[in-house]
Each structure stands twice: as C-alpha cells, then as structure tokens.
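Enquirer: Sequence:
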Amino acid sequence: MAYPEIAGLSSSELLAKVNRLIDETVLATVPESCRAPRDSSPVRQGEGCSDLPDPGKTDVSVTYSVGLAKDGLLSVRLQRTACTNPSLQPDDMVDGLTVNLMTGTVYQVADLFRPDTPWKETLTQAVRNKLSATTKLGANVPISVRRFFLKEGALVVLRPVSARAFHALDVEVPLKQLQPMLRADLPGNSAGK
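At position 141 of the sequence shown (counting the first as 1) the number is 142 in our numbering, and the numbers step up by one without a gap.
One or more hints might be untrue.
To be verified - The calculated label-pair distances, taken between Cβ atoms and stated as ranges, are: (1) G139 with E25: 28 to 38 Å; (2) T104 with A8: 17 to 27 Å; (3) T104 with E153: 34 to 44 Å; (4) A140 with P175: 30 to 40 Å.
Keep in mind the hints are simulated off the structure, nothing from the lab.
Just so it is clear, CB atoms sit at the ideal spot from N, CA and C, and this is done for glycine as well.
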C-alpha cells in the first residue's frame, strides 16, 4: 500500500506521532481480514477490478493525494478500494486526514470553524448547490460534510451523498466563501483570503 510518510519535522516525537496517525488512518480503511500480507497466489484479470484475487480472497489498494502541505498543515485524501472474488463491484471508500504539523492535532471539520457561526448549514448548502448544478439531486437527499480534506484555496467535502449514484463525487467549496466563519488561529487561514 502506498501512503504518505512525513519527514523533516524538527521534533522526532512529533514526526513519529504524525506518521503513526497517517498509518492508523490508512489501516482504519482496510478490512481486518486484508491486513495480513498478501499471499503469493496468482491473480486473474476481471471486470470491476483491475485484478481479481483467488476466489474468496480480497485484494486491497490504498491511494492518496496530498491536497495541502504548507503553513504547518498537512491535508491528505485517502482512497481505499477492495475487490473480493467473486464481486461485481469493488468496495470503494474515501477519507481525509488534516493534521497540524506543529502540534500533531488532527482536525475534524468542526475544528476549522468558529463555534458561534452557522458553518455546518452554510457548508451543507454550498455542497447541495454545487451538486444540484451538475446532478439531479432531490431536496430530501441527506448531505454529509463530515469527511473532508483541504486543497489550496478550497475545502473538499468527500462523498457528501451516500446514494450509490453519487458515490464518486467530491465537492470543492472555495475557502473565500467560508472565510468569515473560519477560525482565525487556524494555520493557513490566510489561504482563503
């Protein structure tokens, strides 16, 4: 599995903590039965997955992209794909990890905003508006803004709709749109100005 490993922090304890957080986040996406090293059995080509393991076995891959690595913040998008043979579709899961490289603090989406603001409603509506512009989205479809990562100038909500038809959509919301609600002490807050 490929996932980021941080190097070059001045504190070796903090470096170990951040790399452990990344490792734990990646492993949390992988089913327990797939955490053992893959055996040497042959792999066959198949539909739905680039490779299919032997019948009854699961093949897991984890990919990542670094959205932001500056101003003391690291924000990563992780995507885990698991293919079990037999399977028509791979099981796909995404998550984000945003960590303060000075303190080792892992941010949840609520940590980015001042608590006295309607950030959740504003962010949910911004995601709904973006989705409605490109897809047919019913008014009663629930939107989740829990999973996220940061990119330069944007907060990316990861797969905000759980309906199968929308599973691959991530939605970028410009930080400028959220700026009045962002915490002033958040590292990199100037990126949205």
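Enquirer: If a hint holds in the structure, say so; if it does not, say that too.
Expert: Verification of the supplied hints:
no.	hint	result
1	G139 with E25: 28 to 38 Å	36 Å, holds
2	T104 with A8: 17 to 27 Å	18 Å, holds
3	T104 with E153: 34 to 44 Å	22 Å, violated
4	A140 with P175: 30 to 40 Å	24 Å, violated
The structure fails to meet hints 3 and 4 from the earlier list, while all remaining hints are met.
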